[in-house]
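Based on these hints, arrange chain S on the given structure of chain W.
For the protein sequence lines, the chains are W and S, in the order given. Take 1 as the starting number for the first sequence in my numbering and just add one per residue. Take 113 as the starting number for the second sequence in my numbering and just add one per residue.
Keep in mind that the hints were calculated from the coordinates and are not lab data. One thing to keep in mind: the hints can contain errors.
[Unchecked claim] With a cut-off of at most 27 Å between alpha-carbon atoms, the simulated BS3-like pairs for lysine-lysine come out as follows:
1. 161(S) x 71(W)
2. 161(S) x 180(S)
3. 161(S) x 57(W)
4. 170(S) x 180(S)
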Amino acid sequence: NAGVTQTPKFQVLKTGQSMTLQCAQDMNHNSMYWYRQDPGMGLRLIYYSASEGTTDKGEVPNGYNVSRLNKREFSLRLESAAPSQTSVYFCASRPGGEHEQYFGPGTRLTVT
Amino acid sequence: AQSVTQLGSHVSVSEGALVLLRCNYSSSVPPYLFWYVQYPNQGLQLLLKYTSAATLVKGINGFEAEFKKSETSFHLTKPSAHMSDAAEYFCAVSYRSNDYKLSFGAGTTVTVRA
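Next up, chain W with everything else stripped away, as it sits in the complex (with noise of 0.2 Å):
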């Protein structure tokens, strides 16, 4: 199993441009989060989805978008990139009935 996956591991975009961060789990877990990870604060939740088919707003969604594709898919998306989204993005999941999530590498995202 690789367990969480997420691409690429680093990019460096200009501000104002688009991406989206991929995320993938293989042990059929039903909720997915995604995360930022900034110093001194911890992570913090951007959106949630807690089964295939919904999603939900987080702590700080702000310029963000997700989509859950299917079970195992939940994309993140920048649609104009600012330098206050330069970060290291977590993706995670978590199975139905556990309460503990598994997290991915981490995606190290510089916006210039």
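Just chain S now, with coordinates in the frame of chain W:
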């Protein structure tokens, strides 16, 4: 609002010394509590979790944590630090009523001195 506070953004310990990382949560409802570890340039790995069973929880790599409801705390300890324990540690809380979304503390970076 539910929140998690980690006391101390940096902790430095000698190899072989006690590691103590503090975590307090603020909530009136029973939480689920977690400690995650992040090694440089990696994702988060679960160290241990409290889910309303035993209050003293043992995790991987010799870590343990004790849930104290009266103190709303979930401090992480390891009796003897090893060089490989150098990492960032995050305390997190979730609630069934909140779709098990995780709220994280700001993190504590541990350095281990030889």
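Point to revise | Agreement of residue 161(S) and residue 180(S) with the hint, judged by alpha carbon distance not exceeding 27 Å | key: 14 Å, holds
**Study point:** Holds or violated: residue 170(S) to residue 180(S), with C-alpha atoms at most 27 Å apart
**Key:** 15 Å, holds
Check your understanding: Is residue 161(S) close enough to residue 71(W), meaning Cα to Cα at most 27 Å?
Key -> 26 Å, holds
**Study point:** Hint consistency between residue 161(S) and residue 57(W) [alpha-carbon to alpha-carbon, up to 27 Å]
**Key:** Distance ~25 Å between residue 161(S) and residue 57(W) Cα, so the pair holds.
In summary, this structure violates none of the numbered hints.
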